[in-house]
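*Asks:* As given, the protein sequences belong to chains Z and B, one line each in that order.
Number 60 in the working numbering belongs to position 60 of the first sequence; there are no gaps in the numbering.
Number 16 in the working numbering belongs to position 16 of the second sequence; there are no gaps in the numbering.
Be a bit skeptical, because a hint or two may be false.
It does not matter which identical chain is used: a pair holds within one copy or between any two.
No more than 20 Å apart at the CA atoms, straight line, and that leaves these computed lysine to any residue pairs for SDA-like [unchecked claim]:
(1) 103 - 115
(2) 139 - 5
(3) 143 - 62
(4) 143 - 20
(5) 143 - 30
(6) 103 - 121
(7) 103 - 91
No wet-lab data here; the hints were simulated from the structure.
2 protein chains.
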Amino acid sequence: MEMMVLALDEARQAATRGEVPVGAVIVGPDGRALASTGNRIEELNDPTAHAEVLAIREAAANLQSPRLIDCDLYVTLEPCAMCAQAISLARVRRLVFAAYDPKGGGVEHGARVFSHTTCHHAPEVVGGVMESYAAQMLKQFFKARR
Amino acid sequence: MEMMVLALDEARQAATRGEVPVGAVIVGPDGRALASTGNRIEELNDPTAHAEVLAIREAAANLQSPRLIDCDLYVTLEPCAMCAQAISLARVRRLVFAAYDPKGGGVEHGARVFSHTTCHHAPEVVGGVMESYAAQMLKQFFKARR
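Using the sequences and the hints, build the whole thing.
*Replies:* What follows is the structure, given as C-alpha cells:
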C-alpha cells in the first residue's frame, strides 16, 4: 500500500505539470524505493516518457544493470504494451497496478503482452490495488480538460 | 533502400559495441534522416534502449514534439511489443523493417500490437526489406557469442 501511495502522489504531481496523471515506483530487493516518477511526455517531448519507462530507466541506472532482478514496479494505471514489454525486458519480478485501462492497457486488455508464448519473462501481476483513487484522479483530469 | 542501408550500418556499429545488431533511422517529412542509432542496452544500462526507442526519442527531441507526424521509421529487425507501441504512440506514418523476428517480434508475431481494436494509431507496415542482410548479421553475431 505504502508504495502505491507514493505512486499516486507522483501521479498527482504529473497532473500539475499537465501530464496524464500516472505515477510509478520501483522497489528494490531491500524493499526501498529505487525510482519514483510520473509521466513526462509533454515536458520532455518524448512519446516514450511514460512513468513506467522513466522509472525503469532510473532504477537500471541506479543499479548499473539493464536487468532489475528481484525488483517490483508499482504503477497507478494498467501499463500499455510499450511499458508491459519494457517490464518484461527489465525482468521485473512483480507488477502491481491500480486502475484497469480497457482503452489503452496492454496487460489485461489489447495486446496482453505477458500472455504470449514468445514472452520471455512475465512478472507476477496484481491489478486493482487502490483502484478507485487512481481512477478518480484520471476522471477528474480528463473532465477538467474537456 | 538508402535509409535501410543506413540502418544496417547502425546495426553493424551496435555489434562492435557488443550489442545485438539492430539499427534504426527516422526519416522526416522532407525525406531527410532525423535520427539514426543502434541498440545501446548494455552501454547505457537501459533495458528500453532499443534502436527504435532511442531513434524516436532523438527525433522527437529534434522536432520538439512527442508526435512524429509524417515521419517514417526504418529498422533492421521486426520491432518488439515495446517498440511497436512506442511507434504507435509517436504516430509514426510508416514502419519499414528488414528481418522478421518470430521469437521476439511484436508486429507480425506475439503481441501483434497494431492488430488490436484498442490500438489508436497503426502505421503502414512494410516487412522484409533487405531481410537477408539483416538476418545474416544477427546470425553471425549470435554464432560468435556461443
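*Asks:* Going through the numbered hints above, which ones does this structure break? Give me the numbers in ascending order.
*Replies:* 3 and 5
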